[in-house]
Amino acid sequence: SDLVAALRSSFRPINSALNSERTRLSGTATDFMATAVTSLGRAFEPLLPYYLPTLLTLCIRTNKVVVTRAKNCIHAIIEHTQSPAILHYLVESVKDKSVSLRLSAAEAVVLCLNTFNPPDLEKESRAKDIEAIIKTTGVDASADVRKTARKIFDAYKILLPGRVQRCVASWLT
Numbered sequence: 011s012d013l014v015a016a017l018r019s020s021f022r023p024i025n026s027a028l029n030s031e032r033t034r035l036s037g038t039a040t041d042f043m044a045t046a047v048t049s050l051g052r053a054f055e056p057l058l059p060y061y062l063p064t065l066l067t068l069c070i071r072t073n074k075v076v077v078t079r080a081k082n083c084i085h086a087i088i089e090h091t092q093s094p095a096i097l098h099y100l101v102e103s104v105k106d107k108s109v110s111l112r113l114s115a116a117e118a119v120v121l122c123l124n125t126f127n128p129p130d131l132e133k134e135s136r137a138k139d140i141e142a143i144i145k146t147t148g149v150d151a152s153a154d155v156r157k158t159a160r161k162i163f164d165a166y167k168i169l170l171p172g173r174v175q176r177c178v179a180s181w182l183t
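Numbering (my numbering), first residue to last: 11 to 183.
These are calculated hints, taken from the structure and not from any lab test.
In this text, all values refer to a predicted model and were calculated from it rather than measured experimentally.
Incorrect hints may have been included.
[Said to hold, decoys possible] Computed cross-link-like contacts, DSS-like style, restricted to lysine-lysine with a CA-CA straight-line distance of at most 27 Å:
#  : residue 1 : residue 2
1  : K138      : K105
2  : K161      : K138
3  : K133      : K167
4  : K157      : K74
5  : K133      : K161
6  : K74       : K138
7  : K74       : K105
8  : K138      : K107
9  : K145      : K133
10 : K74       : K133
11 : K107      : K157
12 : K161      : K145
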């Protein structure tokens, strides 16, 4: 669509606005992205590599308003695109040194598992991404991240019951 093409060609100035230290500018850009995702739905998927890493990076900030806006926009992307490709970005984010980003990414994974079409998650690569996330978050230094890891594992057991035993066995070796 025309909007996808416009967002693709304008990603540098939009990302610059998202990364701005000026809360008003960053907030407007975040709200714009959330609105664009809502109107585009699944058509937003090709834009994931342009915007999702920037939104995840905003979760590192100390300003809670910026973090909350970024999380809300990430949640809108998950709910409206329903693209399992999002998991790839979250695998890396749960390994970050920032507790805020690790927690935001773990919460996003819970939303992914509760929102996405189960057959999409059953693919080997997606299941391995989820297992890697559970393994990383399950031993996190932060109690909040570990608590969220438990929610991820509970959803995983329901979605992929045939993989649970093999997965747990691989963690113990």
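Point to revise | Violated constraints from the hint list, given by number and in increasing order | key: Hints 6, 10 not satisfied by this model.
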